[in-house]
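Trainee: Start from the sequences, fold in the hints, and give me the full structure.
Top to bottom, those sequences are chains A and B.
Residue numbers for the first sequence follow the working numbering, beginning at 3 and rising by one.
Residue numbers for the second sequence follow the working numbering, beginning at 37 and rising by one.
Warning: the hint list may mix true and false statements.
To be verified - Subject to a maximum C-alpha distance of 16 Å in a straight line, what follows is the list of computed EDC-like cross-link-like pairs (lysine to aspartate or glutamate):
no.: 1; chain 1: A; residue 1: LYS220; chain 2: B; residue 2: ASP185
no.: 2; chain 1: B; residue 1: LYS269; chain 2: B; residue 2: GLU184
no.: 3; chain 1: A; residue 1: LYS155; chain 2: A; residue 2: GLU75
no.: 4; chain 1: A; residue 1: LYS155; chain 2: A; residue 2: ASP76
no.: 5; chain 1: A; residue 1: LYS155; chain 2: B; residue 2: GLU262
no.: 6; chain 1: A; residue 1: LYS4; chain 2: A; residue 2: GLU90
no.: 7; chain 1: B; residue 1: LYS269; chain 2: B; residue 2: ASP160
no.: 8; chain 1: A; residue 1: LYS220; chain 2: A; residue 2: ASP80
no.: 9; chain 1: B; residue 1: LYS46; chain 2: B; residue 2: GLU262
no.: 10; chain 1: A; residue 1: LYS155; chain 2: B; residue 2: GLU184
no.: 11; chain 1: B; residue 1: LYS269; chain 2: B; residue 2: ASP185
no.: 12; chain 1: A; residue 1: LYS220; chain 2: A; residue 2: GLU75
no.: 13; chain 1: A; residue 1: LYS220; chain 2: B; residue 2: ASP187
no.: 14; chain 1: A; residue 1: LYS220; chain 2: B; residue 2: GLU184
Derived by calculation from the structure, the hints in this document are not laboratory data.
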Amino acid sequence: MKALLLRDLRLALRAGGGFGLGLAFFLMVAVLVPLGVGPEAALLSKIAPGILWVGALLACLLSLDRMFALDFEDGSLDLMAVSPLPLEGVAAMKSLAHWLVTGLPLVVISPVLGVLLSLSPQAYPWLVASLLLGSPALSLIGCFGAALTVGLKRGGLILSLLVLPMYVPTLIFGAEAVRRGAAGADAVVPLLFLAAISLGSAAILPFACGAAIRANLK
Amino acid sequence: MSIWEYANPKKFMQTSAWALPWVSGLAIVLLVVGLVWGFFLTPDDYKQGSTVKIIYLHVPSAIMATSAWFMMLAGSLIWLIRRHHVSALAAKAAAPVGLTFTVIGLVTGAIWGQPMWGTWWAWDPRLTSFLILGLFYLGYIALWAAIEDPDTGADLTSVLCIVGSVFAFLSRYAVLFWNQGLHQGASVSVATGDQVSNIYGAPLAVCVAGFVLLFVTLVLVRTRTEIRSRRIKALMARERALA
Chain A
3 MKALLLRDLR
13 LALRAGGGFG
23 LGLAFFLMVA
33 VLVPLGVGPE
43 AALLSKIAPG
53 ILWVGALLAC
63 LLSLDRMFAL
73 DFEDGSLDLM
83 AVSPLPLEGV
93 AAMKSLAHWL
103 VTGLPLVVIS
113 PVLGVLLSLS
123 PQAYPWLVAS
133 LLLGSPALSL
143 IGCFGAALTV
153 GLKRGGLILS
163 LLVLPMYVPT
173 LIFGAEAVRR
183 GAAGADAVVP
193 LLFLAAISLG
203 SAAILPFACG
213 AAIRANLK
Chain B
37 MSIWEYANPK
47 KFMQTSAWAL
57 PWVSGLAIVL
67 LVVGLVWGFF
77 LTPDDYKQGS
87 TVKIIYLHVP
97 SAIMATSAWF
107 MMLAGSLIWL
117 IRRHHVSALA
127 AKAAAPVGLT
137 FTVIGLVTGA
147 IWGQPMWGTW
157 WAWDPRLTSF
167 LILGLFYLGY
177 IALWAAIEDP
187 DTGADLTSVL
197 CIVGSVFAFL
207 SRYAVLFWNQ
217 GLHQGASVSV
227 ATGDQVSNIY
237 GAPLAVCVAG
247 FVLLFVTLVL
257 VRTRTEIRSR
267 RIKALMARER
277 ALA
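Mentor: In structure tokens, the structure reads:
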């Protein structure tokens, strides 16, 4: 399991493209929105929580289709299927690797983008906390979507159609936590919901992923 | 005689051919009775006027929209566990019907909401979860359409259906979970409490029964179509092999 995780991380870091792309996209969203709606600080700080969460979500979506596609094409996925490690474990490790190279950098960079969007100061800890708790769910749900569509020739569009509705609860609670934080209110309840979604996804979705990969490899 | 006999496509075709006229006939009768009774023979509500009558389309289609997903869930589970093709095809056949009911529910709700709430749409938890259910139907149908191999398609859509049933469950019981938002609580339930009055309740029950039978009819017809198209494909493949 560790070997697989390290391999995926190494591939993501060395092959370029995938790793930086999500971050760059997140940055572009945060730059484009003020240009689009105008640089008014009051308006920006009002929509910042939503924009940051939607940006994180789309950045995550961007890198999903390569999660299994490359391994499927060159046959590594078949090797993993016959290896002693169960496919559920493979799916869990893939999700973890995806989170480490996509979700975690988003969490780290998000305060900087908060500045660009003039997020109110007391919201920063909540922004980081909500992304930290919510982004694992994004990777896990995305992993399920990627596993469903890995055998398809034009999977990308269907992938987003499948995954985005499943992202909605995470988005709602994530943005709500930041919004409450920005208003100076207590944001623990949405954070608890986010943690529940992440933990529930981690418990259930690797099994669904494993089943989907198995069906695709048959 | 066990229920699994109907997993045999031939047996299923025979039985469904026999049952279809009865089910569809009863559906038509119940729908005509329920809708005519509801639309023309009940008084206008003292507050809502005649818009109250949209309940005869809205409530049954909303009930069937979520129920259809649970039917697909049952079909998917049977496919995954016992590998009966008919059940996978029935789940496939039910999806567009469920999507249609979802759209009807949303549209009638909007038409009712415009004069009553003063808005076509609100981001209320119940409305939102219902919209997401509609998106799930779209994704499910798209996934079926995108996969060439029928067995792989059945496997993958079944897994998707199981995961999606979490959301179907949410939108089914969203009426009970959240008290906030514009959408009122369940007005029809077995438990006593805040309910619609009997004048509206009786035709509504007829309409719900009619919609259930309508759903059964449509799913049977569509499943039969799927089985026939599967047979035609097999025949054509055989002819190509012989030629």
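Trainee: Please name the hints from earlier in the document that this structure breaks, with their numbers sorted from lowest to highest.
Mentor: Of the numbered hints given earlier, those the structure breaks are 5 and 7, listed in rising order.
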